[in-house]
Amino acid sequence: MCLAIPARIIELDGDKAVVDAMGNRFKAKTTLLPEAKLGDLVLVHAGFAISLVDEEEGKKTWQLISEINEFMDTQNRLSG
Amino acid sequence: MLDRINKAQDVINSACKTLGRQINIMEVCGTHTVSIFRSGIRSILPDNLKLLSGPGCPVCVTDQGYIDAVLRLADRDDCIIATYGDMIRVPGKDGSLETKRSKANIRIVLSSEDALQLAKDNPGKTVVFVAVGFETTAPATAVVVKEAAAGAIDNFCILSGHKLVVPAMRVLLSEKNHNINAFLCPGHVSAIIGYGAFTGIVQDFGRPCVVAGFEPVQIIEGLCEICRQLSAGKAELKSIYSAVVTEKGNIAAQQIVNDCFEPADGYWRGLGKIEKSTLKLKGKFGRFDAFERFGISEEPSEEIKGCRCGEVLCGLIEPTECGLFGRDCRPQDPVGPCMVSSEGACAAWFKYGREKRQEG
Ligand code: SF4
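Protein chains in written order, with the numbering used here: chain A, 88 to 167; chain B, 799 to 1158.
Calculated directly from the structure, the hints in this document are not laboratory data. Ideal Cβ placement from N, Cα and C applies to all residues, glycine included. Please note that a few of the clues may not be correct.
Computed Cβ-Cβ distance ranges for the label pairs, DEER-style [unchecked claim]:
hint, chain 1, residue 1, chain 2, residue 2, range
1, A, E122, B, K1071, 47 to 55 angstroms
2, B, D919, A, D141, 48 to 56 angstroms
3, A, E142, B, K974, 45 to 53 angstroms
Chain B regions said to be covered by chain A (calculated; three or more residues, Cβ under 8 angstroms) [claimed, not checked]:
hint, stretch
4, 802-816
5, 905-911
6, 915-924
7, 1116-1127
Build the full structure now, drawing on both the sequences and the hints.
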């Protein structure tokens, strides 16, 4: 549950943002990262942007996350 | 990329050879644990270098007494329990949230905001947010407590089980029989608290602390940095995760946490009571504290019979040394919390340790 996902801010209204991670769009808040701007790549954890991320890092992490998702899926299947 | 891995591996190999003795490096982050297993890093390390999975998975360290408190509240008809999905299967004394799910007042949320929304949508019920997690998650809880206070949303409260990583690391190093030579420090916790937060550990205990990201190459480079320090007889604080982590961390997040919470003594599964290691709501937010509202307390738990999670979390044994591992305790039918969460050491060993044995 400590997993944090890099995502790009594609809409921003006050501290309410819509972010995109690997094509998945979801809501996130920027309350904890007031400096975040539209277009920024941010690390989202439990619905909140917690830090800015550089572009290279973002791409690499997406790769890792898809692998971890695979892992969780297998776990879920195992426990299913 | 391969270059970087080879180079780091060379340093690790020669450092471990020079050192000659057993070296134990502990990671205290569930995502590191999963990534280490997933990538098979263990298999390329020299024999005298061992990786220990410490108390880095928030689900695994949540005490049974806390789960029992949640379960008691789940029995009340006037409450809705809002919880992150990971907590649903963690065993308490009498079952888990999952066993109570038919009651329909247990809802899985993805964020603290969703929990607050549930309160707005259900004015006739009290929503109790099961607020667990380390420094990474606590700010998200603090935000909604402030929102609830500002909006006078009085049918919302939190059961704070938030924990702080640094006090736990200090306790591990204070144990007489500990075997930890260095820490691979958690990346996302550090994004909030800043890598500077580990300074005291390096100074007081003379153990290298290196903050690394989650990709295999970063983990290997983190281990490489640790081995370099150990073989040079040094203990330093270093972050190799500069893409995300700064020395001071996320100040806005720290402020909001300090505004809402104060450190309190609290129980960790397997580690017992640790001074100033949990977060309790400050007096001015007391009416959002579910412990106060319902007059409940978190009793220290009885150990689960046969489960050696405590020793696993302290790095004293490997999961396979637990007599229940793989037979009575498996991910689909877990006995202890380290097998519940996919970030738990036992679950990772079950999945990847077995694969490795089959391949070998
Ligand atoms: S294998 Fe199961 S019972 Fe044994 S320590 Fe791990 S979680 Fe506990």
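Quick rundown of the hints versus the structure:
One distance hint, 47 to 55 angstroms for the beta-carbon pair E122/A and K1071/B, is violated here, with the actual separation near 39 angstroms. At roughly 38 angstroms, the beta carbons of D919/B and D141/A sit outside the given window of 48 to 56 angstroms. Range check, E142/A to K974/B: about 47 angstroms between beta-carbon atoms, so the 45 to 53 angstroms window is met. For the stretch 802-816 of chain B, the proposed coverage by chain A is not satisfied: 0 residues have a C-beta within less than 8 angstroms of a C-beta in that chain, short of the threshold of three.
Check result for the stretch 905-911 of chain B against chain A: holds, 4 residues qualifying (beta carbon to beta carbon below 8 angstroms, three or more required). Counting residues of the stretch 915-924 of chain B whose beta carbon lies closer than 8 angstroms to any beta carbon of chain A gives 0, which falls below the threshold of three, so the coverage claim is violated. Under a criterion of three residues with beta carbons nearer than 8 angstroms to beta carbons of chain A, the stated coverage of the stretch 1116-1127 of chain B fails, only 0 such residues being counted.
Hints 1, 2, 4, 6 and 7 from the earlier list are contradicted by this structure; the remaining hints agree with it.
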